[in-house]
Amino acid sequence: MTTTAVPPLPESARYSFGGDEFLLVEVAEAMSLAANVRVMSMARALQADRPDGITDICPANASLLLRFDPDVIAPQALTDRVQQVEESVKGAGDEPLQTRIIEVPVAYDDPITAEVAGRFRANHQAPEGTDLDYAAAVNNLPDKAAFIERHHGSAWLVSMVGFVAGLPFMFQLTDQQHQLEVPKYLSPRTDTPALTVGHGGCFACIYSVRGAGGYQMFGIAAAPIYDPEQRLADFADGMVLFRPGDLVRFRPVDTDEYQRIQAEVADGSYRYRQRAVSLDLSRALADPVGYNAELRELLDGA
Amino acid sequence: MALEIVRPGAATTVQDRGRPGYYHLGIPTSGAMDAESAELANALVGNDSDAAVLECTLTGPKVRFTEPTRIAVAGAPTTIRGPGGELPTWTAIDVAAGDELTFGAAKGGVRYYLAVAGGIDVPVVLGSRSTYALGSLGGHLGRRLERGDVLAVGNSPEPVPPAGAGVDPADRPGFGGPVTLRVVVGLYDHRLTAEGKRRLLESEWTLTPVADRTGLRYSGPGVEWEPREQPFGAGSDPSNIVDAGYAVGSIQIPGGTEPIVLHRDAVSGGGYAMVATVISADMDLLARSAPGTVTRFEPVDMDAALAARADRRRRIDRITGALRPGGR
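Protein chains in written order, with our numbering: chain A, 1 to 302; chain B, 1 to 328.
Hints in this document: simulated from the structure, not taken from any laboratory. A virtual CB, placed ideally from N, CA and C, is assigned to each residue, including glycine. Just to be clear, a hint being listed does not mean it is correct.
Said to hold, decoys possible - Among chain A residues calculated to face chain B with C-beta under 7 Å, some are:
1. 15
2. 17
3. 21
4. 55
5. 166
Stated by the list, open to error - Sample of chain A residues lacking proximity to chain B, with all beta carbon distances greater than 10 Å (derived):
6. 45
7. 70
8. 72
9. 83
10. 96
11. 105
12. 123
13. 161
14. 167
15. 236
16. 237
17. 255
18. 263
19. 291
Next up, chain A with everything else stripped away, as it sits in the complex (with noise of 0.2 Å):
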């Protein structure tokens, strides 16, 4: 575990271009909340005043990718344009984010990520024990409750979609020396469970899709998170449901309220729990416990 303080993000971010289509802008090597804010300022931004030519404006945990058609735009103008963004974004400071908290219900320490994980053993740091179990001893947290009483403890920030169609790399909202810290499986699985509640470094992610996965693997959530066929209304606006920069609060379900889901999940009635809210990232950081508390309160009022 690092105790070290966070580091201030560069003076400038770095650019560099993949190939003719392509150009990363790496905030910041190190993941800090700081770092994914301005990813997040910066992409807004162009996404509310988007130059012709950019086709896909991609915010990651600590840079954003940038697809463009070098036919419509020039790659140094291109630069030249999000390097203006980039100072415009400093300028403007720590503005609230406008956003949503989610309550995503978790069967922690399920038997069926129990099952694939016990197939995948010979890929695990800790082949004669069960991933929880390894999580709580490299956090030296007494036990796999502690562990997941602390997974669920805080809210938690969608600071990058990707990987596959809707998967949610997760940010824990609470200073660096609590964040939890994992490292991946030793090689990845060729199997994961849909709706795993996974955990690769600081990130926590939830699987949308079954398939390949280093993730260690704590639970299942109970509803979907990827709906191509757009069944469920919290999908209608979209196949995808989480966005950059939405909040996620995470809830222990037991194995009859796991069903219950599942059954409203059937019958197309499940809706999840979802409140707006403003996102201030300097009070965020400075009281990271209250302000966990305060969010709560925002959830279980809705």
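Put chain B on the given structure of chain A with help from the hints.
Using the frame of chain A, we list chain B on its own:
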């Protein structure tokens, strides 16, 4: 008018020019891997370049055509067998109602494209008919074709090039043999040692069988990374970075051993450092490579990448222009 899939082939999917604009949600562009061959197949039957075709991989399908139509196959060398015997590739051919055609194995390459006059008419999802199988999205029911599938075909544009019209053999792309892929070095190339960079750009790499629409993995001498204390949030391996967006065509080298080049169904992000990116003009070349293909990565600058992009466009426009009525 419809196509009935009598036998699906190894991995046959509906593809068009792809689905830009959703990469930020992890939904890749998809689209025909060998876009040039798909565009030429479309031109041979008079379709617009955005019509959907069947991408046939390794082994082709057996298809029954319910009505008379015109088709063409372009891409990796293969054989087409109809009721009257073998039919030519790279050529507009007429089929009769009820004809069953067997499309053979791809020889020397990996993929070829079957275009039908009017285009494959599956629903447009997020602006495209392309299949993204991992996300069960687009194409026919979001998946590879299966026996018994029936695909609608759009109305045939008129007039089409005459039956027998073909792409001049000199204008057909090559398949098989060693490949040089031009790359723009960048993104996280500073993480490589000078020796690591030299090995990447001066060695021969061999395409492994781990190659599909997501990406292609190469074996070779491996590379070396600059040692460093890893930044917070990046993994512990020196090839790791804080998870970032992945450029399509970018080269990552997990653990420093086997380079992976991402292609049109790319995973949109992850925690491995990208060190160079294949230029847009050479993405088709990558798609034509069969396992075992000896490959070099040749560094070029942005101006050369843009010139190659313009050259490719001019070449394809010249070939498709010649196929249009009055084009010659």
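Results of checking the hints against the structure:
1. 15: violated (10 Å)
2. 17: holds (5 Å)
3. 21: holds (5 Å)
4. 55: holds (5 Å)
5. 166: holds (6 Å)
6. 45: Correct as stated: the minimum Cβ-Cβ distance to chain B is 15 Å, above 10 Å.
7. 70: violated (6 Å)
8. 72: holds (12 Å)
9. 83: The claim stands: residue 83(A) keeps its Cβ more than 10 Å from every Cβ of chain B (closest is about 17 Å).
10. 96: Holds, since 22 Å exceeds 10 Å.
11. 105: holds (22 Å)
12. 123: holds (14 Å)
13. 161: violated (6 Å)
14. 167: Since the minimum Cβ distance to chain B is about 6 Å, residue 167(A) lies within 10 Å and the statement is violated.
15. 236: At about 15 Å from chain B, residue 236(A) clears the 10 Å cut-off, so the statement holds.
16. 237: holds (12 Å)
17. 255: The claim holds: residue 255(A) sits with its nearest Cβ about 28 Å from chain B, beyond 10 Å.
18. 263: The assertion about residue 263(A) holds, with a minimum of 22 Å to chain B.
19. 291: holds (21 Å)
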